[in-house]
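**Q** Listed here are the chains, written in short residue letters.
2 protein chains.
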Amino acid sequence: MFFSSKKWDPRGRHCFVTGGSSGAGLALAVLLVKRGAHVSIVARNEERLQAALAELEKHRQSGEQIIKSYSFAINSEAGSTAALQAASEPHGGRCPDAFFLCAGTSRPSFWIEQNEALMRSDLDASYGAQAFTALVASKEMVKQGVKGKLVFVSSVLGYFSIVGYSTYSPGKFALRGLAESLQSEFLLYDIDVHIAFPGTIYSPGYEAENKVKPKVTLKIEETDSGSTPEYVAECILKGVQKGRFHITVDFIGNVFRASTAGSSPRNSYITDLFYALVGYVALPIWRNSVDSTVRAHRQEHQEYLKQKGIIG
Amino acid sequence: MFFSSKKWDPRGRHCFVTGGSSGAGLALAVLLVKRGAHVSIVARNEERLQAALAELEKHRQSGEQIIKSYSFAINSEAGSTAALQAASEPHGGRCPDAFFLCAGTSRPSFWIEQNEALMRSDLDASYGAQAFTALVASKEMVKQGVKGKLVFVSSVLGYFSIVGYSTYSPGKFALRGLAESLQSEFLLYDIDVHIAFPGTIYSPGYEAENKVKPKVTLKIEETDSGSTPEYVAECILKGVQKGRFHITVDFIGNVFRASTAGSSPRNSYITDLFYALVGYVALPIWRNSVDSTVRAHRQEHQEYLKQKGIIG
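Sequence order for the protein chains is A and B.
When you read off a place in the first sequence, starting at 1, and then add 101, the result is the number in my numbering.
When you read off a place in the second sequence, starting at 1, and then add 101, the result is the number in my numbering.
The list treats identical chains as interchangeable, and a pair is accepted whether it falls inside one copy or across any two copies.
In silico lysine-lysine, BS3-like type, Cα no more than 27 angstroms apart, as pairs:
id	residue 1	residue 2
1	K316	K240
2	K343	K107
3	K248	K316
4	K244	K407
5	K407	K240
6	K244	K409
7	K107	K240
8	K159	K169
9	K409	K248
10	K108	K339
11	K240	K409
12	K248	K169
13	K407	K248
14	K248	K343
15	K240	K314
16	K108	K169
Honestly, the hints are just simulated from the structure, not real lab data.
If we strip away everything but chain A, and leave its shape as in the complex, we get (with noise of 0.2 angstroms):
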C-alpha cells in the first residue's frame, strides 16, 4: 500500500549495517552476504569488528562483493559522516543503498539512580547511535539522489514500557517517532523508511544487561522467551523486502505493533484487526500482573533503597 510490491533484493546492493559485529546485527550482515550483497559493517571495538569480517567471508557468494569492516563511534554526526565516508570509498564514493541501523545497548536501572550524564549516554546509545546514521545517510542519499533504505531497529520496549528502563524506552520510543516523520517526509525523495521491534535477542548485548537488571525486572522477565539473531534478521530483511513499515518478530511483537498502530502505516488490515482485538483482551490483564509483581517487591525495594543510602 506504501511501497512498491516488487521484493526488494539486495543482490549486488551496498548495504551499511551498524551494530554489526555481534548480535543481530553480525546476523543481518551475514544473511546480506549471503543474499550477494556488498557489505560495510560498523562498530566499535576492532577486535570484534575482525572476527565478525572472518565470519562473513564465510558467506562469500563471488569475489566480486565488496565486503569491510569500520571501526567507528557513530553516536556522533562527525562520527557517523567518518564512517560513512570510509565505507562509500571502495564504491567510488556512491554513498550505500540501504542502512541497516543495528547500533545500541541497553543498562537496565532504576530511574531514582540516574542523573544527567547517565540519561544523556543512555539516550546516545538507544536513539543518537541510529538518529545520527540516519541523518547523514539521508542527507547523502537526497544530495546524491539514491533511491535507498533506512531501516531502524527500535524494540518491543519501544511499543511499551516496565520498571527498569526508564532510560532505555524513551530512546526506541524516540525511534519510532523518528521513523514516522521520516516515512512521511520521504515520500518527497522515495527514500524507504523502516523500523524493526524485535522482543529478547539472546545476544552478547542481552547477556551483559541481564547481569545489572533489577531483580524485579529480571521477576517480570521471568517467563519470556526471545528468539536467535539469526532468526531476528531474517525476520527483519523478510519485512523489508516486504515493504512493512513496522517489522515485528514474533506473535506478542504483532498483537504490541497492531494495538499500538494508531496511523502508522499497518501491514495488513486483516490479520491486524485479529492481532488489536487479542491486544485488548489480553495486555490489559498482562499488564495488571506485571504491577502485581512490581508491588510484590516493595518490601524488598525498600531495603535496596536503604542500603543504597537513598532513604534513612
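Chain A is fixed; fit chain B onto it per the hints.
**A** Relative to the frame of chain A, chain B by itself:
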C-alpha cells in the same frame, strides 16, 4: 483501576509548574491558584514570569496561598535541581506535591536540514526540559516520602508523526516511553504518573512555530482545529483528578490514544473500544490523504532544495 478513585484536590497542596509563564502552563497555574493551591511557576524569561505572576495574583483565593515565580533554565539536572530547591524553600524545604511539566517548544523543519547541535537542542527542549525535572522531582519525593504526582505534557505528535516534526516527535514519543516506565516503577512508591497529549494549542508558542513551519506541514494542518490554553489546562487537571494515565483533550486525541494504547493503562474499556474502532477505520484513510498532500509537494520541494543549495 490503576489509581485511587478518590478525586485529587489541589487545595492547600504545593504545585510546581514548569513552562508556567505562558500557554497551557500559565493557564494550569491560574486554574490551580483558583482551586486554592500553593503555586510555583518556573520559566526562563523574567519579564514574562513577572507578568504571569501578576495574573496569578488576580485569582488568589486566600492570603495564605504561597504564589511565587522562579527564573531557571530547567533543561539540565543542575537547573532543575536549583529550581526545585528555590521553590521548596518557602515551604520549609518540603518538596512540592505535584509537578506539572509543561515546558517545551517545537521548531518544525525538514530532516535533511538538521545537524547534531540542532537535534540535541530540540531533544532538550521537547524531552530534556521535562525529563530532568522529573528526575530531580522523583529523587526528592522518594527521599522525603512524599506520595506526589508527576504530570508530563507530550503532544498528539507523541502518538503519530508527519513531515516537519523529525526533531520534535522523537522527544514527545520519548516522554511517553519515560512516563510508562515510571508509571510501573512508581508503584513501588505510590507516586502517580500522568501524561497529557494535547493537539494544537492557540498559544504564543504555536504562533512562533508557524512562522518557520514547512509549507507542506502547514498545508497538512490547514483544516486542523485547536484548543485554547485554558481548555487544555482544564482537561489536564480533570484527567489528573480522575486518575487517568493518558490524558487527551479532544475527539481526535481520544481516537489516537485508544488506537495506540497497547498495554498502557486505559481510561475506560467501553468508550476506548469505540475510539479504537473509529481509529482502525479512519486513521489509515487520514494517513493516505496526508501522504497525498506530501507527494503533491514534490515539485515545490525540489525547487526548495535547489534554492537552498542542497541539490544541484
